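2 protein chains.
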Amino acid sequence: MLEESFQDQGSVKHCHGCGTDNEKGLRIKSYWDGDEGLCTWQPQPHHCGGSGDIVNGGIIATLIDCHSLNLAIAHAYRAEGRPIDSSPKISYVTANLNVSYLRPTPIDKSLQLRAKIVKLEGRKASVRCTLSADGQLCATGEVVGVRVARK
Amino acid sequence: MLEESFQDQGSVKHCHGCGTDNEKGLRIKSYWDGDEGLCTWQPQPHHCGGSGDIVNGGIIATLIDCHSLNLAIAHAYRAEGRPIDSSPKISYVTANLNVSYLRPTPIDKSLQLRAKIVKLEGRKASVRCTLSADGQLCATGEVVGVRVARK
Chain B
1 MLEESFQDQG SVKHCHGCGT DNEKGLRIKS YWDGDEGLCT WQPQPHHCGG SGDIVNGGII
61 ATLIDCHSLN LAIAHAYRAE GRPIDSSPKI SYVTANLNVS YLRPTPIDKS LQLRAKIVKL
121 EGRKASVRCT LSADGQLCAT GEVVGVRVAR K
Chain V
1001 MLEESFQDQG SVKHCHGCGT DNEKGLRIKS YWDGDEGLCT WQPQPHHCGG SGDIVNGGII
1061 ATLIDCHSLN LAIAHAYRAE GRPIDSSPKI SYVTANLNVS YLRPTPIDKS LQLRAKIVKL
1121 EGRKASVRCT LSADGQLCAT GEVVGVRVAR K
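Chains as they are written, first to last, in our numbering: chain B, 1 to 151; chain V, 1001 to 1151.
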């Protein structure tokens, strides 16, 4: 993890999930780990669900969505042999997000997200993502992203 | 809409999506409209996605998740002929959340969520939810919730 995060190499500053400058956002950081994307994130108390000791399902969905799309974008730049955010800029938008919640996600633990591209077809990228706490799998997600042009 | 919202009748105060007292949360309000649940919500600028003029996909997932579960809970109380939050308390947790993003959701519009219970089977409730802005359908979701005991 000597490299800068995908987000710090990019120019998306305001996104609620991954924008580097959104002070009210989650500001996740994603890194290469071989061919996979890795993200470690610490929930805050206000990210809780119905019970104060677990993470809200929507927060989990946001983490999985943004981390997976950031991996799809980083992968597309890498496949073209050029740095993240070089021109022409690459972006992905989410077409479908499917999250399965396997067990309560504790709010006081550091969460680990691991994402992997499982299918590339035309402009579509399918990404599978796991969310674990203390080595225990808490949620899994599948994200279908569609590549779009970005100014 | 003369009735209090489901959330204001309940005692979940801190949930990031629907807790009435979470100042950093989304604080959605859900109401009966016949057999369906209705929620109107105004995004703020920091809820944006990669582009500043659209709503982040994770925020949309959070709205759909919390609104749908609140409907499942309200429906369960109504089916038992008793007020929301009466004892024994009823809660639902999300087992699966599936969101399809049909078009960009504008950040400067009021969003309308409409949720409907489509299947009840044992402890499971399946809820279908739409999210529209200015009458245009922007996203659809399916949420599977599981009923759990609550203290």
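These are computed hints drawn from the structure, not numbers from a lab. It should be emphasised that the depicted structure is a prediction, and the values quoted were computed from it without experimental measurement. Be careful, since some hints might not be right.
What the hints assert, rightly or not - Computed footprint of chain B on chain V, listed as stretches where at least three residues anywhere in the stretch have a Cβ under 8 Å from a Cβ of chain B:
| hint | stretch |
| --- | --- |
| 1 | 1011–1017 |
| 2 | 1021–1028 |
| 3 | 1096–1109 |
| 4 | 1114–1128 |
Positions of the beta carbon are idealized from the N, C-alpha and C atoms, including for glycine.
(message) When I compare C-beta atoms, does the stretch 1021–1028 of chain V have three or more residues closer than 8 Å to chain B?
(response) holds (count 5)
- Item | Outcome, coverage hint (the stretch 1011–1017 of chain V, chain B; C-beta under 8 Å; three residues) | Result for this restraint: holds, n = 5.
According to a criterion of three or more residues whose C-beta lies within less than 8 Å of a C-beta of chain B, is the stretch 1114–1128 of chain V covered?
Since three or more residues must qualify, the claim that chain B covers the stretch 1114–1128 of chain V is violated, with 0 doing so at under 8 Å.
Checklist entry - Within the stretch 1096–1109 of chain V, is the number of residues with a Cβ closer than 8 Å to a Cβ of chain B three or more? => result Coverage by chain B holds here, the residue count being 7 at a Cβ distance below 8 Å.
This entry does not satisfy hint 4, going by the numbered hints stated previously; all others are met.
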